[in-house]
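Modelling step: build the complete structure from the supplied sequences, incorporating the hints.
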Amino acid sequence: MTIIVGETERAALKAAMARAHTHPVPWEVVQRGIVDRSDAVRIEDRPATHKRPPSEFVDLPFGYVVAISFEEHPAGMCLHVSVTGPWPRVAPNMVVCAMIFNALDVPAEADHVWTEEFLIDGKPGGRAFNVVWLVGRGIDQSEETPGQKHVGAIQSWFSGPAVVRGARQKPSAA
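According to my numbering, the sequence shown is numbered sequentially starting from 31.
Everything labelled a hint here was simulated from the structure, so no lab data went into it.
We put the CB at the ideal spot given by N, CA and C, even for glycine.
Certain hints may be false.
Unchecked claim - Each pair of labels, with its calculated beta carbon distance range: (1) 153 to 41: 31 to 37 Å; (2) 87 to 57: 32 to 38 Å; (3) 52 to 120: 16 to 22 Å; (4) 154 to 61: 19 to 25 Å; (5) 143 to 49: 22 to 28 Å; (6) 84 to 38: 20 to 26 Å; (7) 59 to 92: 19 to 25 Å; (8) 138 to 34: 17 to 23 Å; (9) 128 to 87: 32 to 38 Å; (10) 155 to 58: 16 to 22 Å; (11) 128 to 58: 16 to 22 Å; (12) 118 to 57: 20 to 26 Å.
Next up, the structure:
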C-alpha cells in the first residue's frame with residue numbers, strides 16, 4: 031500500500047523536523063545505541079538497557095509513522111529519519127520512503143541507510159527503514175564532507191541560524 035504525501039502531511043513533517051532541530055541528540059546519547067549497522071539491526075544486537083533517543087514523530091495515513099531527529103556525530107550534525115509501515119516484519123517500501131524524503135526536501139542520496147527491528151507490543155517483529163544525512167561538518171573537519179554540498183538547501187528549512195551553526199560548535203541544550 032502506498033500513500034500520498036500531500037500538503038497537510040508535508041506541513042506536519044516539516045514542523046516535526048523544525049522541532050527536532052531545536053533539540054539535537056547529543057553524541058553521548060547517540061553512541062550508546064550504536065551497533066554494527068552494515069545492513070540490518072536486530073533486537074538482540076542492542077544492549078538490554080537500550081532506549082531510543084528522543085525524536086519527533088509524525089503519523090501518516092495507512093499506519094505509516096516517521097521519526098525525525100538531529101544527532102551529533104563525530105563527523106558532524108546528522109539528520110536521522112526513520113520510517114515504519116503498517117505491516118509487522120516488513121520495512122516500508124522505497125516508494126513510500128521516497129515520497130516522505132521528497133516532502134522533507136532532503137537529498138536523494140543519503141550518507142547511511144539500514145533497516146532496524148523494533149518491538150511491537152513487547153515482542154520483536156517491527157521493521158523500520160532508517161536514513162541518515164550528514165548536514166554539517168564536525169568541529170575538527172576542514173575538508174568538505176559529501177553531505178556538506180546540501181547544507182545550503184538544508185539552511186532554507188529553518189528561519190534564522192541554520193544547521194551549519196550547530197555543526198561547528200556544540201549545540202545548546204534546548
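Evaluated hints:
1. As the Cβ distance of residue 153 to residue 41 is approximately 34 Å, the hint placing it in 31 to 37 Å holds.
2. Taking the beta carbon of each, residue 87 and residue 57 are about 22 Å apart, not inside 32 to 38 Å as hinted.
3. The given range of 16 to 22 Å is broken by residue 52 and residue 120, whose C-beta atoms sit roughly 33 Å from each other.
4. Range check, residue 154 to residue 61: about 23 Å between beta-carbon atoms, so the 19 to 25 Å window is met.
5. Separation of residue 143 from residue 49 is about 24 Å and conforms to the stated range, judged on CB atoms against 22 to 28 Å.
6. Distance hint check for residue 84 and residue 38: the Cβ-Cβ separation is about 24 Å, which falls inside the suggested range of 20 to 26 Å.
7. Range check, residue 59 to residue 92: Cβ separation about 31 Å, and the 19 to 25 Å hint is violated.
8. Take residue 138 and residue 34: their Cβ atoms lie about 19 Å apart, and the range 17 to 23 Å holds.
9. Judged by the Cβ atoms, the range 32 to 38 Å given for residue 128 and residue 87 is violated: they are separated by roughly 20 Å.
10. One distance hint, 16 to 22 Å for the beta-carbon pair residue 155 and residue 58, is violated here, with the actual separation near 30 Å.
11. Range check, residue 128 to residue 58: Cβ separation about 33 Å, and the 16 to 22 Å hint is violated.
12. Between residue 118 and residue 57 the beta carbons are some 32 Å apart, a value that contradicts the proposed interval 20 to 26 Å.
Hint compliance for this structure: hints 2, 3, 7, 9, 10, 11, 12 are not met, and every other hint is.
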